[in-house]
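J.: Can you build the whole structure from these sequences, using the hints too?
The lines below spell out each chain.
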Amino acid sequence: MHYSPVITNADIAAKDENLHLFQYVEDSKQCEIDTFVSRGGYKAWKKVLEGISREDLINTVKASGLRGRGGAGFPTGLKWSFVPKDSPKARYMVCNADESEPGTCKDRVLMERDPHAIIEGMAIGAYAIGCHLMFIYIRGEFDHCIDKMEAAMEEAYAKGHLGKNVYGSGYDLDMIVHTGGGAYICGEETALLNSIEGERGQSRMRPPFPAIEGLYASPTIVNNVESLAAVPHIINRGAEWYASIGTEKSKGSKLFSLSGHVNRPGNFEVPLGFNLKDMIYNPDYGGGMLGDVPLKGVIPGGASTPFLLPDMIDVALDYESLQEKDSMLGSGAIIVFNENTCIVWILKKLIHFFRHESCGKCTPCREGTAWLEQMINRIEAGQGEAGDLEKMEEVCGNILGRTICPLGDAAVMPIQSALRLYRDEWQYHIDHKKCMVKSNFEFK
Amino acid sequence: MSEAVKKDQPKVSVPTVTFSLDGQSVTVPKGTTVLQAAKDVGIHIPTFCWHPQLKSVGACRMCYVEVEKMPKLMVSCMLDAMDGMVVQTDSDQVRQGRKAVLEFILLNHPLDCPTCDKGGECDLQNLTFKHGVDDNRFDFKKARFKEESMTTTFDDKKIGPEIVLNRNRCILCYKCVRANKEAFGEYDLGAFERGNITQIDAVPGGEVCNPFSGNLVEICPVGALTNSDWRYKIRVWLTKTTPSLCNFNSSGSNIDFYKEDHQNKIFRVTSRTNDSIDDGWISDITRYGYQVINSADRLQKPLIKKDGKQVEVSWDEAINFIAKKYNDIKESVGRVCIGGLISPSLDNRSLYSFSKMIRTVCKSNNIDFRGDYRMLPNNPDSPFGVLRSQPFSIAEIDDSDVIVSFGSDLIHEHPNEYLRIRKAFNYTQPKIYSMMPYSVKSADVANIEYVYTPGTDETAINAICLAGIEENVVDASMATEYIKHVVPSTLKDASALCGLDEAELKILARSIAEGKKITFLVGEIVTRSKARDIITAALLNMNKLFGLSSKGQISILARYANSKGAEKLGILPDPIAPIKEALKNDFEEYPESEPRNTDGMMAHIRKEEIKGLFIVGSNPMMLYPDKEFIKESLDKLDFLVVCDLFETETTEAADVVLPLAGWAEYDGDYVNLEGVCQSAKQAVKPAGESKAAYEIVRLIAEKLEHKTFDVESIDKGVEACLAIDTTIKLPNEFLDIKAESEDVTGEFSHPIFIIDDAHHCGHLTEKAPSLNNFTAEAYLMMSEELAAKNNMQENDPVRVESEVSKLILPVKISESLDSDVLLIPRNFQSSPVTSLCMRKRRIDRVKISKVDE
Amino acid sequence: MILTEDSIAKIKAKAVRYPRKKSAILPAWTVAYRQIGHVDEAIYKEISKVIGVPMVEIAEAATFYTMFPKKPRGKYLLQVCNNISCALRGSDSMITHLENKLDIKLGETTDDNQFSLIAVECLGACATAPMVQVNMEYHENLDATKLDKLIDDLKAKKD
Ligand SMILES: Cc1cc2nc3c(=O)[nH]c(=O)nc-3n(C[C@H](O)[C@H](O)[C@H](O)COP(=O)(O)O)c2cc1C
Ligand code: SF4
Ligand code: FES
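Chains as they are written, first to last, in the working numbering: chain C, 1 to 444; chain X, 1001 to 1853; chain G, 2001 to 2159.
Since the hints were made in silico from the structure, they are not lab data. Predicted model only: the values in this text are computed from it and were never measured. Careful, some of the hints might be misleading.
Capping the alpha-carbon separation at 30 Å, the derived lysine-lysine pairs in BS3-like fashion look like this [as the list claims (entries may be wrong)]:
(1) X:K1441 / X:K1847
(2) X:K1055 / G:K2049
(3) G:K2146 / C:K29
(4) X:K1306 / X:K1431
(5) X:K1847 / C:K89
T.: As structure tokens, this is what we get:
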């Protein structure tokens, strides 16, 4: 079975008792349930079923300060507490393993190498909201992850961690591995729910929020893989321990996917607040710029987050610090590019993606992304005209905050930021009908 | 819940919210959207994707409003009004937002308004005009579907018999797809691909041909969906509308006729939304049925049979001839001995005049309006008559918590009521059950569909009662009493006989017992059955056992545009006492003669005791389920007068044929199945020399020296009758019911049911070309399994034989059927399926064989 | 039937686990795709029968998702990620490399029906870029030598 050749910092994580997600990811035996259990796996799940009340559980997760790792950073415990306590409807826990935000490749590592940790986290989350059927939504292209998760699920059923009357507690819990079909939008939680329901993966208006009316119109919680994988550790080691990691407002550790022009692209677990510059240049992490070509910019949180200029990268990787730089932590996908990169070319790639992935439901996103793509392509092709940049800014303004789901915002935020931070280069493109830099990266 | 549902149900004390709307303080029930609240106080917020009868999706983003303390513009169609909210519907920011949306929509729009049939009634055109997107900042080539097309703008794709799609004009409001699935439960249209190449289209390999498809065109806010029958004919602003009613269903869908001053023809029909009746949806029959009126085949002049041939004559000659014949019969026999049969689709005036003529001029009680039902009961308070007279309200469906339809192929018989039930299914989610001798598409909304053995209708109903008794959900002493009256009297025996599952029956019984508000509607399977009295007796027992009508409604639904009116006006051989009283008051003399219904008249014609017959708008030769019987009878007549819009098999047999005006050609009132009297106005002049039935009756009566047939006198009579409550009291006692059984002879084993096609009703609709574009000929519908068993494929010609006749029909395979039942539509003159039937049969049975064998 | 009995059994086994039958649409394609390599009208029809969901719903959802080819393609579907992280690592020129090597353009299939070449959006292999997914399998951290070997191996593979 395929095993991603990606670099991780498992060696560091193994030694650092605060790091917990990547501790065992370089050990291929960690997938097997016996190994997992021998290392304390499913202990938290058992502990929960043996007598932690829902309220206590939710309060613990709230106290830990865990925030969603899927992009929005919403406090996980708080989200769980929104599920109505007295609803007669079924409730659903859905683990979001769609991992489609360009630059992000972290959840995949957990699925490939520590699948039971995810199942355990999902189970605890399910219990917290009173769910008896939980889903993991894996993007369809991740064939190997799907197989891994299904195998792990079978093992978990076989060993009594899932199924009827788990551990004799009287609690029933079933699980379905649901697979996508190639649509970034299905990572957005309401589109994801439509996709599970067999609908077209278009997003839904909120309210009603999924916690009130989600999957099959029942209360539903959607959590990212990484968020859920952290939960068992919080139960085992306590909210205080977890809250002691990271910064004052951004607690715990986080996985970062580092890609682009660095010497050591990879996935790294670090406490929140870790320095971005360190991430890029430290030999244990990024190991510096590829071929020592100087840095031109960084996208810190996945394709939909605003850019950072080289003089902005001495920044802590946490929710607040990046916000101060007008950017976002997002999904923790750090994309680094060097001086040989044309900014218009980057945006061309990005807007192509967002146009391609727009679900087509609401007007501004559907029409606006297509218009922007045409404008950017034209500028890139050296046919831009005076006034194009201003027009693009206006169009961006007519999309931002005007769409059903945040995909519209995601599409325009990098454009707005690039227009602001790299204005000269855009202008050069229009004035000189050509590129300032040569950016077709050779494949050798 | 949609606004539509709420609007229809004035709730006693709903919590309200008060908020500020453009500076005005507005109080609305909690859960009302800002959009709806604005509509209610007359503030217009533009929309594309919103529809009052559909769940909002917030897709088009046109309905923006600005709300204090909310940083973004909000879409009002999905924003519930909340206490203290301060909303602006026309601020600068709102106007900017709407303008931006219009700009986005127009980017790739062809702007081909001059050639677009939506021009003049296009939301996009109107809103663009209003919100002034004046310059075009989009300097790219417009995206086009169908690159190979000759011009850049035309992408005309026929996606159904009557619908043309232009994807370039489509603004992706998704209303069509949503309505099709949500409101109609149909799956022949979809949205495909995604993002900016999303497109609406028919299901791959199929076409949009569901019975409600015309509505999709009507709700399309732009010219993306257009009707074949309206395209390129006329601009909408050159037309005028006339309010009218559908003449093909019994709820009386409200419609508008479109006509133009200089041409005496109707151009199209659209819904004239009346939420209490049709929610603004009309069936395709309602929409395209007007073409019957325009038809070139319409009879133009009176005809008289001379030397075996019908020749055109003047009205004078025809009326004189009728008068002469009348007197001849009177003289030769010594009394009048003439009967009358009239269609229940005619207006009150016509029905009443006709009855007055038969009773006062012909001095007989030989009168009926039910020319297509066999073996009808004669006495008005037969069980059938009693249940039929019970009141029914469409709007009550909305808040029923249990809905049962018994013996009704709802979509075909009562399309409006089906959509109403669907709405409940979507919003209030009542328990819905369907009981039929074969499975039907309309059961798609049912929690459980009960398919019982054909011919065991009364046992199926008894089985519900017996299930209720076993479940202990009915009064014990009533149960003891009930058991004494029925055979079989155990649930086990009854369910075995009718082929239903005991456990499922118990669920139904429990729902009926526990329901707070029940709608139980009974359809044509019962009305058409020879055993209708036994079946209704079983229903009356059930009603009593469960106390059903004390907490809801149970009724046998009227089927035709004015069936209810015909009943109320006493167009029956023996009207109920209060109606008879009113007639006696109005008529100079009420006849003493024996009352005779359709069957009775035919029998007496055969015995030569009735010599003459007036038929108005009816076509018993085609529609009565025993063609031979009718034919033989009519052949015996001395004198037959038939009034119709067209030549039919019945007019062929006539001595005098009179051209009848259609419902769009004169003012008329009709009583719908709820007993509500509605008016249809004259839209066009009568075709040729045709006349309204009441006019014809007046001419004849006056010729025979009867004076009080003028409109005023007739209307007075009508009014008096309509004022009478015709509900008949339900029986106090349980009725005896012994299940009838019929022998199934070996050879003819497949039960057939005569149905209406989804796009045809009665004998007239064959004259509407658009409806023929959906179905133009009869077929033999069967299940997949039966087809496979007989090695038959779609469209294979099959010989259908009964003991009396045979027909050759193409096979149509149905996905919903799953038993050996065969269905044949009765609407096509070229395949008179009624010839297969026998008058005295409860269930008609046939054998089938492939033609090439 | 195009779907094998085994596939139908798999689809049905998945379908029964869901609270609503429509949910089985995506799992059903996954099974069909693994068996056939693409999904089209004929398959929609079969799936519609197997899971009891109207054909139009299957087709609407199918055309929404881009992962399943909608018509037959070569034996090996080469899907090159051409999104930002891979592009920074040379995926544009990797596509050119493949076009030259296979003598086809992006979107085309080789005459012997062995290879189809398409560009796709981010496949979640950003830190191991550039990459290509061959049918369901990921090949990451590619350079020219590795890619050539991969193609040559596939060409040599007989089955
Ligand atoms: C366009 C779009 C794509 C998204 N893709 C993903 C994704 O691939 N994985 C993910 O976990 N969250 C994704 N999200 C975020 C989810 O909507 C949701 O917020 C998240 O799964 C919640 O989990 P968390 O609270 O644990 O972060 C996406 C959001 C948007 C708007
Ligand atoms: S065809 Fe008309 S109704 Fe349907 S989505 Fe397009 S614009 Fe809306
Ligand atoms: S009408 Fe509100 S978004 Fe379309």
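J.: Holds or violated: K1847 of chain X with K89 of chain C, Cα cutoff 30 Å?
T.: Violated - the C-alpha atoms of K89 of chain C and K1847 of chain X are around 51 Å apart, more than 30 Å.
J.: Checking one constraint from the list: CA of K2146 of chain G to CA of K29 of chain C, max 30 Å. Satisfied?
T.: holds (28 Å)
J.: For K1306 of chain X and K1431 of chain X, compute the direct alpha-carbon distance and say whether it is at most 30 Å.
T.: Violated: K1306 of chain X and K1431 of chain X sit about 61 Å apart, past 30 Å.
J.: Is it true that the CA of K1441 of chain X sits at most 30 Å from the CA of K1847 of chain X?
T.: Holds, at roughly 25 Å.
J.: Take a quick look at whether K1055 of chain X and K2049 of chain G sit within 30 Å of each other, Cα to Cα.
T.: holds (29 Å)
Checked against the numbered hints given earlier, the structure breaks hints 4 and 5 and satisfies all the rest.
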